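Undergrad: Assemble the whole structure, with the sequences as input and the hints as a guide.
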Amino acid sequence: MKKFLLPLLFLLLFILESLFVQFLPSDLFGSRILVPRFLFSALLLLTIYVGKKQGIIYGAIFGLLVDVVYIEVIGIYFFLFPFVCYLISKVMQVMQSNIVVVFLATLFGIALLEVGVYEMNFLIHVTDLDFMTFINLRFYPTLILNAIFILVALYPLKRQFEKYAVALRDE
Amino acid sequence: MPQFFLNKRLIILLVSIIVLVALIGFSLRDRSKLTWPEQFVRDTTGWFQSLVSRPANYLAGFFENLQDLQNTYEENKELKSRVEKFASLEAEIQELKKDNKELRDVLDAKQTLRDFEPLPATVIGRNPDRWHEIMIINKGKTDGIEKNMAVVTATGLVGKVKSVNQFSSTVQLLSAMDPKNRISAVIQGEKDVYGFVQGFDAKKKLLMVKAIPSSEKIEKGQTVITSGMGGVFPKGLIIGKVEEVKPDQYGLNQTALIKPGADFYDIENVIVIKRLMTQPDRNAMKAGKEEDL
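Those protein sequence lines, which keep their order, are chains E and U. Position 104, counted from 1, in the first sequence is what the numbering used here calls 104; the numbers after and before it change by one each time, with no gaps. Position 270, counted from 1, in the second sequence is what the numbering used here calls 270; the numbers after and before it change by one each time, with no gaps.
Simulated from the structure, these hints should not be mistaken for laboratory data. All of these numbers come straight from a predicted model, not from anything done at the bench. Think of the CB as a built atom: it goes at the ideal place given N, C-alpha and C, for glycine as much as any other residue. Please note that the accuracy of each hint is not assured.
What the hints assert, rightly or not - Quick list of simulated restraints, FRET-style, between CB atoms: (1) U:K241 / E:I99: 40 to 46 Å; (2) U:I11 / E:D128: 30 to 36 Å; (3) E:V94 / U:N7: 18 to 24 Å; (4) U:I12 / E:V152: 31 to 37 Å.
TA: Written out as structure tokens, the structure reads:
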């Protein structure tokens, strides 16, 4: 039972993202675009609290899922999710993991992901937005939205992941 | 991070970048069909999504109803004033339809570009990073949906079917930037003007109709519909209204900016349009020309 809890949680976040976009009134924030990165925030927290290996494996699986289901271009998230998870795990090796540092590191990871996704989409001509417009239209609003989500979800997720880490160690 | 450039890690990074490029190249190809693992994964997640999205839709609908109740009085007043106009309009339409049918029978033109079969569907998911403007609907190949069919809401065209799975399919919205996404359109006026819907202005949230000859005069407020000449969409689906006209880069053509009739963000139920006339045959072309005059 406990083994299925984690994938189920991620799957729920995966669907929640799409629901969020579907039901968010669009004209609330003008033409700004808020991208929910709930799944990825949880993946980063998993990397920080449980381990690099789990983070990268879950990142690859769910990255592939996002690619196949939502964007039909396989490779973007499949590559970026594990890559950013890896970088964040490296960063956390030198930092101490108190809750503020974790919060900032997760936000930094999301920022990296956003810029990475933008660059890739720019390369394959999915978008022709210039960088400054991207920053104003997408980057800041996205960071603010996800900062709020992390603030709300950080503590419950931390407890869940720490429990999972203990269970892993006991095995 | 000096250890980042250790040999083994560097090799892993390089290999994964190669795999990445190969995968992106593979999926960017113009694919007529998705591979079966992709279809399987999408159908499975589609099932989960419809499981979750149905109660969510009910909930959202409930709150919407509450909101609607608030302005019922105002709306009622306005609607009442419109109803009277409606009755006479309807009578007129009935007559025109009958006339049209009779004339067509005389001409022996059975099918027109306008004929289509509607297939209702519900939106069960949407791409969270709105780079690729894609949404997922709960009808697939088993319900008769095929690639490239037009997708509309009550207020206008929203996009086309991008790929089809067994039980679900994805819709590419008009607001997606895709050079292959070109729709032949007519700007209705005293004289019909033809152009291509191509591209979306993300900042202004307006669609762009390109390749309009610069000699044509277009005014704000004219209605834009699909022309049916592209061979995939039927004729007469509403796209939007002209908002602004400007000359293009070299001054040879004009570009019209169009306010889409449908809201691309708040979509719950859609109708997939199955065009009955598959090939634009000679009769249809003649009929189109006569309408021009």
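Undergrad: All hints are to be evaluated individually against the structure, with a verdict given for each.
TA: These are the hints, each one checked on the structure:
1. U:K241 / E:I99: 40 to 46 Å: Violated - the Cβ-Cβ distance for K241 (chain U) and I99 (chain E), about 52 Å, lies outside 40 to 46 Å.
2. U:I11 / E:D128: 30 to 36 Å: The hinted range 30 to 36 Å holds for I11 (chain U) and D128 (chain E), with Cβ atoms some 35 Å apart.
3. E:V94 / U:N7: 18 to 24 Å: holds (22 Å)
4. U:I12 / E:V152: 31 to 37 Å: holds (35 Å)
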